[in-house]
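Colleague: Build the full structure now, drawing on both the sequences and the hints.
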Amino acid sequence: MNIITGGVTAATGFEAAGAEAGIKYKNRKDMAMIYSQKPCILAGTFTSNVVKAAPVLWDKKVVEESPYGQAVIINAGIANACTGKEGYDYCNRTAKAASKVLDIPESAVLVASTGVIGMQLPIDKIENGIGMLAAAKADTLEAGTLAAEAIMTTDTRSKQAAAQIEIGGKKVTLGGMSKGSGMIHPNMCTMLGFVTTDAVISKELLTKALKEDVTDTFNMISVDGDTSTNDTLIIMANGMAENPEIKDNTPEYEAFKEALHYINESLAKMMAGDGEGATALLEVKVTGADTKENARILSRSVVGSSLVKAMIYGHDANGGRILCALGYSGVEFDPDRVDLFFESKAGRIQTYKDGAALNFNEEEASKILAEPEVTILADMKMGTEAATAWGCDLTYDYVKINADYRS
1 MNIITGGVTA ATGFEAAGAE AGIKYKNRKD MAMIYSQKPC ILAGTFTSNV VKAAPVLWDK
61 KVVEESPYGQ AVIINAGIAN ACTGKEGYDY CNRTAKAASK VLDIPESAVL VASTGVIGMQ
121 LPIDKIENGI GMLAAAKADT LEAGTLAAEA IMTTDTRSKQ AAAQIEIGGK KVTLGGMSKG
181 SGMIHPNMCT MLGFVTTDAV ISKELLTKAL KEDVTDTFNM ISVDGDTSTN DTLIIMANGM
241 AENPEIKDNT PEYEAFKEAL HYINESLAKM MAGDGEGATA LLEVKVTGAD TKENARILSR
301 SVVGSSLVKA MIYGHDANGG RILCALGYSG VEFDPDRVDL FFESKAGRIQ TYKDGAALNF
361 NEEEASKILA EPEVTILADM KMGTEAATAW GCDLTYDYVK INADYRS
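Residue numbers (the numbering used here): 1 to 407.
Read the hints as simulated data drawn from the structure, not as lab findings.
Straight line, CA to CA, 20 Å or less: simulated EDC-like cross-link-like pairs of lysine to aspartate or glutamate:
1) Lys211 with Glu65
2) Lys26 with Asp124
3) Lys211 with Glu265
4) Lys38 with Glu242
5) Lys345 with Glu371
6) Lys38 with Asp139
7) Lys285 with Asp336
8) Lys61 with Asp89
9) Lys269 with Glu258
A quick note: this is a predicted structure, and the numbers were derived from the prediction, not measured.
Modeller: And the structure:
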């Protein structure tokens, strides 16, 4: 696998655009388009929240029932969630407008929205924005970057990743973009994520690869413990690499999964590190668990703890908070066997051994925790399974951002 610079336009045949439609923000891009020159096999995962936004309902139907997809229209600023029949009808109008300017079926258009819940979309601005996007779309790196920037809300930076593999002598490329900074505690995938590939692969195998991989990537991040109404992850495969079709249980499928995992994990970590108000990416590695699922539960419990997150912000190596979060995770373990470590570019230090606090250098620990990327390691000493979760610190700015979010 070769890691390359790029995003959703990295794969052959994919174009993108970003535009300023004036949906909610002023003087910034707030609409994006992804377009494939050829029809695409689709796979997707969506929010587990009972309250599902209209675009989620629309996209689930397209992914499950349409023979193919060819375009995605995304807006930022208004989530089109809790908007009833009118909100769903606006998805239909969005698809119709895209269908007209792109000359593709309405059933081949996916839609996605992010922003304030409970507000209706200014559909005239959406329809006008689609025309601007169609005129501006291109297959360049710059066009992909503009699209990634256009879907941001409280994000401070855009999120893109791309990689290439070789299958049957053909170069196969995967690229992706995502957005997410707050209301991040996915139980399926991310806030909004889009992956494109020119691979030849069946819908069944593409779906299998995606759903298996989100378990250890997007489902292992948490910023604030809130699962969004709009969580959507879509992957589109247009087959333009013309590789021999990827089959299950083959080295080629393993290579494809490795590349997909790189894209998903990279985007997930970018979102975790860009949590609202965050100053640090927090990584929690649990080792020595008795089962893989218990390792996931334990690591997610720690990374989602408000006290642990505040501790990272304060650069205070309070391992008792970590043991507490492990203890209420619901996983049974022997607390008298747990070892805890903190690690960053500034070094590594052990603070607990066999469940008891050690005498350690607090100043050294504080320096380790002051880095922009910090890792907590918890060795449960129960077995051989491990898992990693990602999150961020909890700062004053998180409260400020969300106290004023609608205004």
